[in-house]
Amino acid sequence: MMLNSSTGIMIAKGLLETLYMTVSSTSAAYLIGLPLGIILVVTAEGGILPRPALNKILNIVVNLTRSVPFLILLIAVLPITRFITGTTIGSTATIVPLIIAAAPFVARLVESSIKEVDKGIIEAGLSMGATPFEIITKVMIPEAKPSLIVGGAIATTTILGYSAMAGIVGGGGLGDIAIRYGYYRYQNDIMIATVVLLIVVVQVFQDIGMKISLKQDKRR
Amino acid sequence: MNAALCGIFLKCQYSGVKNFPPGKTALKQTMNETSPIIKIEHFHKAFSLNGEKITVLDDINLEIEQGDIFGIIGESGAGKSTLVRCMNYLEKPTSGRIIVDGQDLSRLTEGQLREARRGICMIFQQFNLLMQRTAEKNILFPLEIAGVGKQEAKARAKELLELVGLSDKADNYPSQLSGGQKQRVAIARALAVNPKVILCDEATSALDPATTRSILALLKDINRRLGITIVVVTHEMSVIEEICQHVAIIDKSKIVEVGKVQEIFAHPKTAAAQRLVYPDAKMRERFIGKRCCRIVFDGSSSYAPTVASMILECKAPVNIMFADMKDIDGVAFGELVLQLPEDKALASKVVGYFRTHNLFVEEWGDDAE
Numbered sequence: 001m002m003l004n005s006s007t008g009i010m011i012a013k014g015l016l017e018t019l020y021m022t023v024s025s026t027s028a029a030y031l032i033g034l035p036l037g038i039i040l041v042v043t044a045e046g047g048i049l050p051r052p053a054l055n056k057i058l059n060i061v062v063n064l065t066r067s068v069p070f071l072i073l074l075i076a077v078l079p080i081t082r083f084i085t086g087t088t089i090g091s092t093a094t095i096v097p098l099i100i101a102a103a104p105f106v107a108r109l110v111e112s113s114i115k116e117v118d119k120g121i122i123e124a125g126l127s128m129g130a131t132p133f134e135i136i137t138k139v140m141i142p143e144a145k146p147s148l149i150v151g152g153a154i155a156t157t158t159i160l161g162y163s164a165m166a167g168i169v170g171g172g173g174l175g176d177i178a179i180r181y182g183y184y185r186y187q188n189d190i191m192i193a194t195v196v197l198l199i200v201v202v203q204v205f206q207d208i209g210m211k212i213s214l215k216q217d218k219r220r
Numbered sequence: 221m222n223a224a225l226c227g228i229f230l231k232c233q234y235s236g237v238k239n240f241p242p243g244k245t246a247l248k249q250t251m252n253e254t255s256p257i258i259k260i261e262h263f264h265k266a267f268s269l270n271g272e273k274i275t276v277l278d279d280i281n282l283e284i285e286q287g288d289i290f291g292i293i294g295e296s297g298a299g300k301s302t303l304v305r306c307m308n309y310l311e312k313p314t315s316g317r318i319i320v321d322g323q324d325l326s327r328l329t330e331g332q333l334r335e336a337r338r339g340i341c342m343i344f345q346q347f348n349l350l351m352q353r354t355a356e357k358n359i360l361f362p363l364e365i366a367g368v369g370k371q372e373a374k375a376r377a378k379e380l381l382e383l384v385g386l387s388d389k390a391d392n393y394p395s396q397l398s399g400g401q402k403q404r405v406a407i408a409r410a411l412a413v414n415p416k417v418i419l420c421d422e423a424t425s426a427l428d429p430a431t432t433r434s435i436l437a438l439l440k441d442i443n444r445r446l447g448i449t450i451v452v453v454t455h456e457m458s459v460i461e462e463i464c465q466h467v468a469i470i471d472k473s474k475i476v477e478v479g480k481v482q483e484i485f486a487h488p489k490t491a492a493a494q495r496l497v498y499p500d501a502k503m504r505e506r507f508i509g510k511r512c513c514r515i516v517f518d519g520s521s522s523y524a525p526t527v528a529s530m531i532l533e534c535k536a537p538v539n540i541m542f543a544d545m546k547d548i549d550g551v552a553f554g555e556l557v558l559q560l561p562e563d564k565a566l567a568s569k570v571v572g573y574f575r576t577h578n579l580f581v582e583e584w585g586d587d588a589e
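Heads up: the sequence lines are chains A and B, in that order.
Every letter in the first sequence is one number past the one before it in my numbering, and letter 117, counting from 1, is 117.
Throughout, my numbering is defined as the position within the second sequence, counted from one, plus 220.
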């Protein structure tokens, strides 16, 4: 099968599935990872709300999830995926392991961005009588915004890469096509087409992230 | 600057900005108020580093009067920054009490402490402005925290920008401002919620001498017109000279000397104080036994050409060996080391001349002992 209109449609569909998986799981991962990352910073020793025990537990949980390779996690959480989505095949089913893998990763990215905020600025906020919540919402997040956006671009492209792995278990998207046609059937043209598309998508996400971050950065 | 300040005050009095202390009332308060605004009792602070206990500050007792500009000076590592950070409880004392504006900070709940901190603002060596906010929005920050309405807050920010002379920089980000301008924004931000005390932690140490002077002049103006107590922590004696009324000298975790700046300058009692007032003091050892005498100027005869008059009157050729004079608030402070004539009678005439002109003279002649 050469590249023709039907393969074109298939690839286009794969692209949409990939975008769907990436965008929805990144968003969901941020819903969990952003607060988690902030909690990791503020509860740490010397943070604005030190809770050493909680901090330790969260760190262990994050490290545990981070250390399981995605491919294994993907299979290991199949029962959970089935429980939540009712199926283990297709793009929507892939979103579940993607979120589980990405949330702790996002938490670490957020943690490192927030940690970059100058301690002096936080101290200034405290000296003005700001509550910890105000420090988080008015100092930490706005001051770390450029770095958080860069982190967002990194997270998105990483999750995009993860989503391609989902092809192994019939997860849909470009990765699925590349494995089924390019790998199992030796159709190099389709393989190349999907890979090129993936590269373009990664470039676009990365570029958009960097541009927004640069525009938001008032430090220079 | 002064004209701008006057303008602000007139405006504030009539625009009904809440709690904004107009100059006159504040000044009155200063004169009537006798209880100190900051009182530190038996304050002790220790850190534990690798299981070893390190005492940073030991049995500090200090009273700072309302309306004062109080300097805290010491060599780096003396614990002065820790002390000022305890005044708003950014650092908690290991033991002892800190009472600010009648409130014992150790007895406050977290919420009460936050409330109290609004009355004790701080400016920093590194300015610590929010880098992602414009100058105006930086000033709005404490007002947002205090829950001031948007309209009122904006008007207040505008006044404060005018007060610090940065009306045209409202929409600039800190990265677009010079060091001095950043510190002005920080001062405006500190003033936003009408604090009773401003704590300055090495506020001018990152600035060049000219900018330092202008920032100090601004602080002095604010103190005079608003009656706000200012605590200045520094390692530079010149800063103390320039604006402080009282000074405490910290050396090796303790306050070794405290009093009026003029008195400490004229007669530094402790070694630490002498080191700070006369960094070249070691030179003096060289003069002992060489017919030298030390004359102390403590402001009593500032503009009179004392030495020249002495030479004319006593007809004695003296040799100036060393001089260290400072101008504090228009009066001269410092010391002068003269080598006296070999003729003993003439030498004592010279010493006598200075003594009759109310100068403190210390003789270091070989037969002095």
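By construction, these hints were calculated from the structure, which means they are not laboratory data.
A portion of the hints provided could be inaccurate.
Stated by the list, open to error - Computed from the model, here is a short list of chain A residues facing chain B with C-beta under 10 Å:
{"hint": "1", "residue": "T43"}
{"hint": "2", "residue": "G47"}
{"hint": "3", "residue": "G120"}
{"hint": "4", "residue": "G129"}
{"hint": "5", "residue": "K138"}
{"hint": "6", "residue": "D207"}
{"hint": "7", "residue": "I208"}
{"hint": "8", "residue": "G209"}
{"hint": "9", "residue": "D217"}
Claimed, not checked - Distance condition first, Cα-Cα at most 27 Å in a straight line; then the derived DSSO-like pairs of lysine-lysine:
{"hint": "10", "chain 1": "B", "residue 1": "K569", "chain 2": "A", "residue 2": "K138"}
{"hint": "11", "chain 1": "B", "residue 1": "K480", "chain 2": "A", "residue 2": "K218"}
{"hint": "12", "chain 1": "B", "residue 1": "K510", "chain 2": "B", "residue 2": "K472"}
{"hint": "13", "chain 1": "A", "residue 1": "K119", "chain 2": "B", "residue 2": "K389"}
{"hint": "14", "chain 1": "B", "residue 1": "K564", "chain 2": "B", "residue 2": "K546"}
Stated by the list, open to error - Not the full set, but computed from the structure, chain A residues with beta-carbon under 10 Å of chain B:
{"hint": "15", "residue": "A76"}
{"hint": "16", "residue": "E134"}
{"hint": "17", "residue": "A153"}
{"hint": "18", "residue": "G170"}
{"hint": "19", "residue": "R220"}
Yeah, the Cβ is synthetic: ideal placement off N, Cα and C, and Gly gets one too.
Okay, the hints, checked on the actual structure:
The restraint placing T43 (chain A) at the interface with chain B is violated, with a minimum CB-CB distance near 16 Å, outside the 10 Å limit. The beta carbon of G47 (chain A) is not positioned within 10 Å of any beta carbon in chain B (closest approach about 14 Å), and the interface hint is therefore violated. For G120 (chain A), the suggested interface contact is upheld, since its CB lies about 4 Å from the closest CB of chain B, less than 10 Å. Of the supplied interface hints, the one on G129 (chain A) holds, with its beta-carbon coming within about 4 Å of a beta-carbon of chain B, less than 10 Å.
Here the hint on K138 (chain A) is kept, as its CB sits about 7 Å from the closest CB of chain B, short of 10 Å. For D207 (chain A), the interface hint is violated, since its Cβ never comes within 10 Å of a Cβ in chain B; the closest pair sits about 22 Å apart. With 10 Å as the threshold, the beta carbon of I208 (chain A) stays out of range of chain B, its nearest partner Cβ sitting at about 20 Å, so the hint is violated. The criterion of a C-beta within 10 Å of any C-beta in chain B is not met by G209 (chain A), whose closest approach is roughly 17 Å, and the hint is violated.
The criterion of a C-beta within 10 Å of any C-beta in chain B is met by D217 (chain A), whose closest approach is roughly 8 Å, and the hint holds. Straight-line distance between C-alpha atoms of K569 (chain B) and K138 (chain A) comes to about 71 Å, which puts the hinted pair past the 27 Å bound. For the proposed pair K480 (chain B) and K218 (chain A), the alpha carbon gap of about 44 Å is over 27 Å, so the pair is violated. Restraint check for K510 (chain B) and K472 (chain B): the C-alpha separation of about 34 Å exceeds 27 Å, so the hint is violated.
Between K119 (chain A) and K389 (chain B), the direct Cα distance comes to roughly 25 Å. Compliance with the 27 Å bound is thereby established for this hinted pair. For the hint pairing K564 (chain B) with K546 (chain B), the CA-to-CA distance comes to about 31 Å; that exceeds 27 Å, so the pair is violated. Hint status for A76 (chain A): violated, given a least beta-carbon distance of 41 Å to chain B, over 10 Å. Given the 10 Å rule on beta carbons, the hint for E134 (chain A) holds: about 6 Å separates it from the nearest Cβ of chain B.
For A153 (chain A), the shortest C-beta to C-beta distance to chain B is roughly 18 Å, which exceeds 10 Å, and the interface hint is violated. The closest approach between the C-beta of G170 (chain A) and any C-beta of chain B is roughly 45 Å, which is over the 10 Å cut-off, so the hint fails. Checking R220 (chain A) against chain B by beta carbon gives a least distance of about 6 Å; that is within 10 Å, so the hint holds.
Checked against the numbered hints given earlier, this structure breaks hints 1, 2, 6, 7, 8, 10, 11, 12, 14, 15, 17, 18; the rest are met.
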